[in-house]
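Asker: Residue numbers (our numbering), protein chains in the order written: chain A, 14 to 458; chain Z, 69 to 290.
Since the hints were made in silico from the structure, they are not lab data. Every value quoted in this text rests on a predicted model; they were computed, and no experiment measured them. Even glycine gets a Cβ: it sits at the ideal position worked out from N, Cα and C. Certain hints may be false.
Stated by the list, open to error - Stretch by stretch, here's where chain A covers chain Z in the computed footprint (C-beta under 8 Å, at least three residues): (1) 70-83; (2) 86-94; (3) 97-108; (4) 195-205.
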Amino acid sequence: MATKRSLRRQALTTLLVSIAGVMLVALVLSVLLLRFTLLRDFETRLRALAQDLQATVTRGQDGAIDLGDFTPDAAFSERFSGWYWLVRDGEAIVARSRSMVAESLPSSGLGETQPTKGPRGEALLALSLSVRGADGLLVTVAGPESAIDRALLDDLWIVLSSVVTLGLMLMLVVWSQVNRALKPLQDLAEDLGRLRTGALTEVPPSQFSELNAVVTLVNALLADSRNLVAQARDTAAKLAHGLKTPLALLAARFGTGGTSPDLKVTDAVDSMRCLIDQNLRTARTARASAAFSDTVPLRPVVEDLVFAFSHVFRERQLLVDVDILEDLAFRGSRDDLQEMLGNLLENAHAWAASRVSVSVGREERDDLTIAIRDDGPGFPDSILVAMTQDNSSSPADYATSPTGERAQSNGLGLRITRDIATRYNGRLELANSAGNGAVATLRLP
Amino acid sequence: MRLLLVEDETSLAEELAGVLRRADFAVDTCATAAEAREAGLIEPYDAVILDLGLPDGNGLDVLADWRAQKSLLPVLILTAHDRFADLVAGFRAGADDFLAKPFRNEEVVLRLMALIRRSAGGAQGPIVCGDLALDAASGEVTMSGLPLKLTAFERRVLRYLLIKQPAVVSRTELSDHVYERDTDRNFNSIEVIVSRLRRKIAPCQIETVRGEGYRLDAGHGD
């Protein structure tokens, strides 16, 4: 069943969302931490100011309050700036910052920074200290809580940019690692593709142990499949051969010159033989595929077949030209190549008037092109039409050869050749040459 | 002509031997590779029909042994294995022809006649001696175009002389090629047969070459 889910997309989505979440949490924690640090700084500043004021404030002999050389920064002079100080003598305010104008601050906890409200209702943090040696004298320093938030906002971009940069870097690393992690899978898929086209005979081992388990299994399945094909072919062959000898006995006994000549029986034997041959040859080619492939040098196969047919068709005294470059090879099974070339060469030998030629080269996107020509009467139109159709109709009309028994099955042979070529993603083209004779061209990847 | 039929299926061997005898061949049979190997090297067969799947070995190995011993025995492979690879292997091993089972009897006879004619150096077409002609395809002998009435044994003798003509054929050679292995050989019988043939084929002659044997001759006027 086809699925649109992508391992890469799923891994990237999960990881990137997780990173974004973690970064968000990190951002929040960073902001909280920063605010806490700013608050500590703020409190330290308040305590320093309060201690400074505490150290400089004195009560004179006359009871007058002397602020000494206490000189806070300009914010304490700015009206309602939020930065305030004041000195209480008991409940009375005896001195205050100019920023307070004439307002007051509520009393706050002694020695501890505490939130309070300013004259305008603004949120403040205030710290009160008692002046040593001056009973009843209390100094209070307050600052606006908004100063912390302003400082926080000032520093926030640094936190934010750091977190975002870190997040982006993490995402980049994750994207790169996901791709890197999936690359061996992509390589495996490409190897399987090459296996299917016959460029490889088995999946090469991976450098990753996790994938090697898959590679081992795929190769084992491939071997099993090859064995099954071989077994199926062997079974079909054994069955066919097992039947042929008893049929030979029937043919001999009931044939001309036999002990009980009977034309009907010999005709029936012929029919059975045709049926067996057809099914046996179909079984041989049923699983032809480049996936079960070796590299088969072409020249020896062609030369073997030409040698064999030079004997079979010896009486015809044909001239046979073979033109094949030494290094050309077919990626597939030797049996399949023999079956295809055997059928075509047998056909050419059976029908040639005086000459057969075989030429092999590489054309069209490096395809192997095998052309077998003869100078006979050429293919009948019915064959040329039948072979262009997909419905595997047997061109049995072409089954009458002037020589030899084997050639009588050439109609089947052409169809089988076409079917094998198709399974290798190749094709068989039949044509008649302009002058005289037939040309069968096999194009194989 | 005398044949060796190597076939381990007894019924088929008997039936095919019968067919070949009715086609006027002398036929010896054997069912194992060992027997075939020895017989092919010792006996002067005109041709061999060789099955490949034998109980004690492959027929191709037997054939390879014969060829290694420089035997030129014409060999027709008769097998149920008929892939192109089997065809190639058969001819590469030295076979002269290849026929797949099941076969038509007349096809076997035709192939054998062609093999024997080729091994005797004959060209295509009938073998002719004056008015006598041997149809190499059917094995039929005609005289002036008409079928010659001959007994099976007469036909064996005459066919051999026709194929071998104009060479002289010794009585021993003739008996080697017209008698089967387990048959009592009788030169007197051959003399009788030759005498009868002389009458039937006149004006063609079977000349007796003293101390050597017989030679077929077209006779006067040829």
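Asker: Of the hints stated earlier, which fail here?
Answerer: 3, 4
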